[in-house]
Structure formats: C-alpha cells, structure tokens
Amino acid sequence: SAVISQKPSRDICQRGTSLTIQCQVDSQVTMMFWYRQQPGQSLTLIATANQGSEATYESGFVIDKFPISRPNLTFSTLTVSNMSPEDSSIYLCSVGGVSSYNEQFFGPGTRLTVL
Amino acid sequence: GENVEQHPSTLSVQEGDSAVIKCTYSDSASNYFPWYKQELGKRPQLIIDIRSNVGEKKDQRIAVTLNKTAKHFSLHITETQPEDSAVYFCAARSPKAAGNKLTFGGGTRVLVKP
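Taken in sequence, the protein lines are chains A and B. Numbering follows the working numbering, with no gaps: position 38 of the first sequence is 38. Numbering follows the working numbering, with no gaps: position 45 of the second sequence is 45.
Think of the hints as simulated: they come from the structure by calculation, not from any bench. Backbone N, C-alpha and C define an ideal beta-carbon position, used for all residues, glycine too. Check each hint, because a few of them may be wrong.
[To be verified] Pairs of lysine-lysine residues, derived as DSS-like cross-links and limited to a Cα-Cα distance of at most 30 Å, are as follows:
#1 B:K96 / A:K65
#2 B:K68 / B:K58
#3 B:K68 / A:K65
#4 B:K68 / B:K22
#5 B:K58 / B:K96
#6 A:K7 / B:K37
#7 B:K71 / B:K22
#8 B:K96 / B:K113
#9 B:K22 / B:K113
#10 B:K58 / A:K7
#11 B:K42 / B:K58
[Unchecked claim] Listing some non-contacts, in silico: residues in chain A with all C-beta distances to chain B over 12 Å:
#12 R15
#13 L45
#14 P67
#15 V98
#16 R111
[Stated by the list, open to error] Footprint (simulated), chain B over chain A, 3 or more residues, beta carbon under 8 Å:
#17 32-43
#18 99-107
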C-alpha cells in the first residue's frame, strides 16, 4: 500500500487564523480524500481532491471554509480557514483508486486544536 | 445516498472470547465492504474487506460475512486478545456513488479484558 504522510501532525491555533495541512503520497494515486474525525466520532468526508480541477465537496462543507489544492497525483493540501473552536478535530487524508473495489488507505492525521 | 448503521457502539469481551460487530447498509448496489481498526491516537487501518460476490472471507482470527439479501455484513474476531482493543469502523461503497467514496458506520469501541 502507498505510504502517506501529513504535515503538521498537530497544531494549536488561534481563532480567526487559517491552517494548511499537507498530504504527501509516495506513489501516484487516482483518488485523494479529506476527512474530519471529531473526538469519539466516525469519519466524515469533507471533499474529494481532484487533480487539476476544483475539489468536490460534501454537503455541509464549502470551498471558502475548506479550500483544497491537488496540483499532482501525489500531493494535496487542505486549508481550514477562519478557524473557530468548533474546527478542533483530526483531519485525515486518504487515498484510493477509481474502481469500486479499490482499497482505501489513510494518512496519520493532523490533530488541530483551536483556542 | 448510502447509509451505514453499525452495532453495538461499545463491546466488552473477556480475553479469549469472540467479538461480533454488525453493520447494515441501505444501497443494494453497494459492492465493497471494508473494515478498519483504529487504535487510540492512530490512523484507521484496513484489516479486512469483502466484495459483494463473496459471502465470507477469513484472515487468521478475523472473518467477515456478507448477506446481500438482508443488506448486512459482520466482523467476527475469534480468540480475542488485549491488542484487539480498538475502535472498529465498517464501511460500504456503491458503484453509483459519486467520486468512489466510502460511507462509514458510526464505529464500535471494543474492549478486551484480560
């Protein structure tokens, strides 16, 4: 399986600021996803990062709040903008293929605390 | 869209006993069902998956069964050990889903008591 890394692994930020999280994969992957996992909760898909085009956002998530870039098949960024304490969560990138049978793997996550 | 429900939300078992986690899904077109294990502070890790053309799959102490008619699938862990303590998530994927996305269940916190 692909080796996935994320930076930063954790951060503490002030409300009103923005944080950009990076996801790097050691091989080219077709699909990259960004998830949010709040404490004790399941995995919620924020958006699918599309290479060379705008990300596809899930209901309840908007580009102005969570802008995403995907300049190539091995890298993506998620920005959490104008943060509030409610944005405190773990953010995970995930990679997979285009077939419905393809496995999907997760990065180590970024633990964000907003004060 | 797809909806996945997972039960129980917590499960406590004695070491050596079996653990069973059940999930139901709503989209009859779903054809891929992975299970993830997430230890405290770690990323979710894929431990086993099953495709819709298979009824059961085993890997050492873990097995997954699928009942397409009833639209439910289960994870079975036999001879549980303390290192099996974790949160387990089931998921389902439908070929109709835009972007090939997985839909996750709510998770089951498993505690194996020594």
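Pair hint K68 (chain B) and K65 (chain A), alpha-carbon separation not exceeding 30 Å: Violated, at roughly 39 Å.
Taking C-beta pairs only, is L45 (chain A) more than 12 Å away from all of chain B? violated (6 Å)
Verdict on chain B covering the segment 99-107 of chain A, where coverage means 3 or more residues with a C-beta closer than 8 Å: holds (count 9)
Distance rule for P67 (chain A), whose beta carbon must clear each one in chain B by more than 12 Å: holds (18 Å)
Taken at face value, is the distance from the CA of K7 (chain A) to the CA of K58 (chain B) at most 30 Å? violated (36 Å)
Between the alpha carbons of K96 (chain B) and K113 (chain B), is the straight-line distance 30 Å or under? Roughly 41 Å separates the two Cα atoms, so the pair is violated.
Closest CB-CB distance from R15 (chain A) to chain B, is it above 12 Å? Label holds. Min Cβ-Cβ 25 Å, cutoff 12 Å.
Checking the smallest CB distance to chain B, is R111 (chain A) really beyond 12 Å? violated (9 Å)
K68 (chain B) paired with K22 (chain B) [C-alpha distance capped at 30 Å]: Judged against 30 Å, a Cα distance of about 13 Å means the pair holds.
Agreement of K7 (chain A) and K37 (chain B) with the hint, judged by alpha carbon distance not exceeding 30 Å: Holds - the C-alpha atoms of K37 (chain B) and K7 (chain A) are around 22 Å apart, at most 30 Å.
Coverage criterion applied to the segment 32-43 of chain A (partner chain B; beta-carbon cut 8 Å; 3 residues): As far as the segment 32-43 of chain A goes, the hint holds, because 4 residues have Cβ atoms under 8 Å from chain B.
For K42 (chain B) and K58 (chain B), compute the direct alpha-carbon distance and say whether it is at most 30 Å. holds (24 Å)
Hints 3, 8, 10, 13, 15 and 16 from the list above are not met by this structure, while the remaining hints are.
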